[in-house]
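Keeping their order, the protein sequence lines are chains C and E.
Going left to right, the first sequence walks through residues 1 to 467 as the numbering used here numbers them.
Going left to right, the second sequence walks through residues 1001 to 1249 as the numbering used here numbers them.
For the record, the hints were derived by calculation from the structure and aren't laboratory data.
Among the hints, erroneous ones may be present.
As the list claims (entries may be wrong) - Some chain E residues judged to face chain C by a derived CB distance under 10 Å, without partners named:
no.: 1; residue: V1098
no.: 2; residue: G1102
no.: 3; residue: M1247
What the hints assert, rightly or not - Negatives, chain E to chain C, calculated, CB over 10 Å:
no.: 4; residue: A1050
no.: 5; residue: E1072
no.: 6; residue: E1108
no.: 7; residue: G1117
no.: 8; residue: Q1132
no.: 9; residue: G1197
no.: 10; residue: H1205
no.: 11; residue: L1234
Said to hold, decoys possible - Each pair of labels, with its calculated beta carbon distance range:
no.: 12; chain 1: E; residue 1: H1246; chain 2: C; residue 2: L245; range: 38 to 44 Å
no.: 13; chain 1: E; residue 1: A1123; chain 2: C; residue 2: T34; range: 43 to 49 Å
no.: 14; chain 1: E; residue 1: S1149; chain 2: C; residue 2: T34; range: 43 to 49 Å
no.: 15; chain 1: E; residue 1: A1123; chain 2: C; residue 2: T13; range: 15 to 21 Å
no.: 16; chain 1: C; residue 1: L245; chain 2: E; residue 2: S1149; range: 27 to 33 Å
no.: 17; chain 1: C; residue 1: T13; chain 2: E; residue 2: G1197; range: 33 to 39 Å
C-beta atoms are modelled at their ideal positions from N, C-alpha and C, and glycine is treated no differently.
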Amino acid sequence: MNAPLLIARRDLTELARGGRLYWMGGLLLVLLVTSLAVGWQRQRESQGERARAQALDYADWLAQPERHPHDAAHQGMHVFKPEAALSIVDPGIAPYVGSTLWLRAHRQTEVKFRPAQDATGLMRFGSLSAAWVLQLLGPLLVIVLGFAALSGEREQGTLRQTLSLGVSMREVLWGKALALAAMLALLLVPAGLAAAPAVLLSAEPGARADAALRLAGLAAAYALYLTAFVFLVLAVSAWATSSRLSLVCLLGLWVALVLVLPRLLADASRAWVPSESRREFDRHLGADLGAATQQAWTDRFGAGKPFGSGVPLSQWGAGLRVHDQAGYGVMDRHFDALWDSYARQQELQGWAGVLSPTIAVRALSMGLAGTDFDEHRAFSTAAEAQRRLMQDLISDDLVEHADGHGEQHFTYRAARELWARVPPFEYRPASAEVALGRNLQSVALLLGAAVFWVVIAHAAVARRSHG
Amino acid sequence: MLMSIAAEKGTAIAPALEAVGVSKSFGAVRALDDVSLGVRPGEIYCLLGANGAGKTTLINLFLGFLEPTSGEVWVDGRRVRQDPLQCKRFVAYIPEQVMLYGVLSGYENLRYFAELGTGERHAREPLLALLQEAGLEPKAADQRVSTYSKGMRQKVGIAIALAKRARALLLDEPTSGLDPSAASEFSALLEKARADGVAILTTTHDLFHAQRSGTRVGIMRRGRLVADLRTSDLGTRDLESLYLEHMSA
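Based on the provided sequences and hints, a complete structural model is requested.
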C-alpha cells in the first residue's frame, strides 16, 4: 500500500475512534437527510397542485360559453411553472420569484418578481435545503475534521516521526486529503443515493435521463467545491504554527468566503449594475406603451386617441390588433432590459466566484437544478409567447368575424371552437446540456478554485518539508 | 566541491553516515562549526556533549530536517540535501521522545510506521515479536498508546526502527526514560545490529553506555567536535575524565 493510502487509513481509524466525526458528521447528515425529505415532500405537494391547477385552469378556458372574444382575453388563463425535479436538492430562487403567471389581454404580466440575487443573501439563511447544507455547512465540516490534520501532527511530533521514514510532505498532504475526502464521501454518498430515487421519481418519465445527468452534475459540482475546501483547510493547517491558530484562521475564512463575501458581492453587483425598482419599471413601461400605441393608432387610423370616437366600431378588432402588437416591441425592450440587468448582476457575481467558491457552486447548483434565473426567464418568455398567441388569435377572430358587424361589433359571440384553438400551455425546461452550457463560467471557476487550493496546499507543505 | 572522506581517501569501506566540514547557523547562533565525522557499517558512534552542544542538530542534518549552512552531509554515499527522501529511507530514527498516535495501540502504531517505512505489508505475529524484542510486554501491544509510559513508547520506537531493517540508525538519546534493565536490553539490540553491519550514530549523556557499547566516541562542545576516538584506543583511560577534561578546556 502506498504512503497516502496508509496515511488516509490511519487518519480514518483515528477519526472513527474520536468524537468529531460522529457529532459534526452526524449533525450534517441529519440536516441533509431532513432537508431532502422536506424538499421532496414540498415538491410532491406543489408539483401535484400545479399540475391540477394547470389542468383546471385550461378546462375553465375551454368551458367558456359563447361570448365576445375580448371578454375571454380579459379572463385569460394561468400558467404554472413546473417544479424542477432537482428542486428537492436546490430550490434556488424559485421560492422568491413565484411560479404562477396570469396571461391576459394587453399587458405582459410577471410573477411576483424581485432581483434574483435578493434570494441569495441573508434571505437564504431561512430556507433549509440540501444545497444550503452543503454550501454552508459542508466547508464547516471539512474545517472541523481537518483543521489539525497537519498542525496537530506537527504539535504532537508524529509528523516528524512520519517524515523520518522517508515519506514526503506531498505524500502526507495527499494522504490527509484522501482521508478527508473519504470521510465526506462516507457522509454524503448515502445522502446522494437516498436523493437519487426521489429525484428520478419526481421527474417526468421522459425526463429521467436528464434528471439523472443533472444529479450527476450536481454531485460533481459539490465534490469539486468540497475538494477546494479540503485543500484550503490543509493549506492553512500546514501553514499555521498551532492547531488553535489553524482553527481560528479557518473559521475566519469560512465566515468571509461562505457568509460575508457572497452577500457583499451580491450587494456590490446591484450597486454596480442597478436595476429598476418595480415602481420605476411600471412607470417607464406604461409611458412607453402609451406613446407607442398612440403612435400606432395615429399611423394606422390617423386617430390620436386609442379606442376613441375617431375610429368606428367596424374597425375595433383591427384597432385592438394594432394596439396590442404595437406594445410587443416595447414590452420586449423593457423586460429584456430589466432581465438583462439581473443577468449582468449575476454575471458579475459569477466572476466574484474567483474570490469565493461558494458563489460559484451556488450559481452552478441552481443552474443544474433548473431553479436559477435563466430558467425563470425562459419560463416567463415562453408564457408571454403563449399570451401573445392567445391575444393574436382573438384579435384575428374579431377582425374576421366581429368587425363586419359594424356598430353592432359587440353583439358578436365567438363559438367554443375558438377557445380550443388556443393550445394548452406546455413548458419544457432546458436540457441538462443547455443548463451546463449556461454555467460554464461557474464550472471553470470551481475547477480553478480546486486547482488553486491544491497548488497553495502544495506550496504550504513545501515550506514545512522539515516537519 | 566537498568530497566524502571515503572518496577522498579511497577508503575501502565507505561511511554509511558522513559529515564533511559541516557548519550550521541559526541567525547569529552557530550551532555546528566545521564538524566532520563518519560512521561506517558495523560501528556504533556515540556522540557526547552538554545540552546545546549541537548533537541533535547534527542528527537533524542527517535526517534532512535541516540543511547545513556550509559543508555537506552524506548518507549511503548520497548528498542528503540532494536526495533527502532516499537518504531517510536508508536510516531509522529514534528520538529522545518517540511520538506515537495515542488512540492507536502499540501494535497499530508499529504496523502503520513499519508499512510506511518499508512500503510492505507486515503480518501481525512478526510485529508482535519485534515489540517483544524491543522489550514491550505482550499484553501491552494491544493497549492504546495514550496509556503508555514514556519508556513503553520508546520501546515501540525501537520496534519501528527494527521493523524498517535500516542500514543506519540515528538515535537521539534513545534510552532516555528507559529503566536500567530496558536500557541494557536496548544496548544488546544495538550490539546485534552492529554485528549485522548496521552503522549507528547515537547521541547520549550516558558515558558508561558510550564506553561500553560504542566503537567510537565523539565529544562535542559549542558546536565543534573536539574529540573523535575509538573506544578501543581509550585503553584503561576513563571516558568520564576525558569528557570533563574537554568540557572544562
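Outcome of the hint check:
1. Among the interface hints, the one on V1098(E) holds; its C-beta lies about 7 Å from the nearest C-beta in chain C, closer than the 10 Å criterion.
2. Interface hint status for G1102(E): upheld, as the beta-carbon distance to the closest one in chain C is roughly 8 Å, under 10 Å.
3. For M1247(E), the shortest C-beta to C-beta distance to chain C is roughly 29 Å, which exceeds 10 Å, and the interface hint is violated.
4. At the 10 Å boundary, the C-beta of A1050(E) stays outside the reach of chain C, the nearest C-beta of that chain being 23 Å off.
5. In this structure E1072(E) is separated from chain C by more than 10 Å, as the shortest Cβ-Cβ distance comes to about 18 Å.
6. The non-interface label for E1108(E) is inconsistent with chain C: the shortest C-beta to C-beta separation is roughly 7 Å, within 10 Å.
7. Non-interface status of G1117(E) relative to chain C is broken: a Cβ of that chain comes within 10 Å, the nearest being about 4 Å off.
8. For Q1132(E), the requirement that its beta carbon stay farther than 10 Å from each beta carbon of chain C is met, with the minimum near 21 Å.
9. Every CB of chain C is more than 10 Å from the CB of G1197(E) (nearest about 20 Å), matching its label as outside the interface.
10. With a closest Cβ-Cβ approach of about 20 Å to chain C, H1205(E) is found to remain outside the 10 Å limit, as its non-interface label requires.
11. Every CB of chain C is more than 10 Å from the CB of L1234(E) (nearest about 32 Å), matching its label as outside the interface.
12. With their beta carbons about 43 Å apart, H1246(E) and L245(C) fall inside the hinted range of 38 to 44 Å.
13. Between A1123(E) and T34(C), the C-beta spacing of about 46 Å keeps the proposed range 43 to 49 Å intact.
14. In this structure the hint that S1149(E) and T34(C) lie 43 to 49 Å apart at CB holds, the actual value being about 47 Å.
15. Checked against the hint of 15 to 21 Å, the pair A1123(E) and T13(C) passes, with Cβ atoms roughly 19 Å apart.
16. Range check, L245(C) to S1149(E): Cβ separation about 31 Å, and the 27 to 33 Å hint holds.
17. Against the hinted window of 33 to 39 Å, the Cβ-Cβ separation of T13(C) and G1197(E) comes to about 36 Å, which satisfies the hint.
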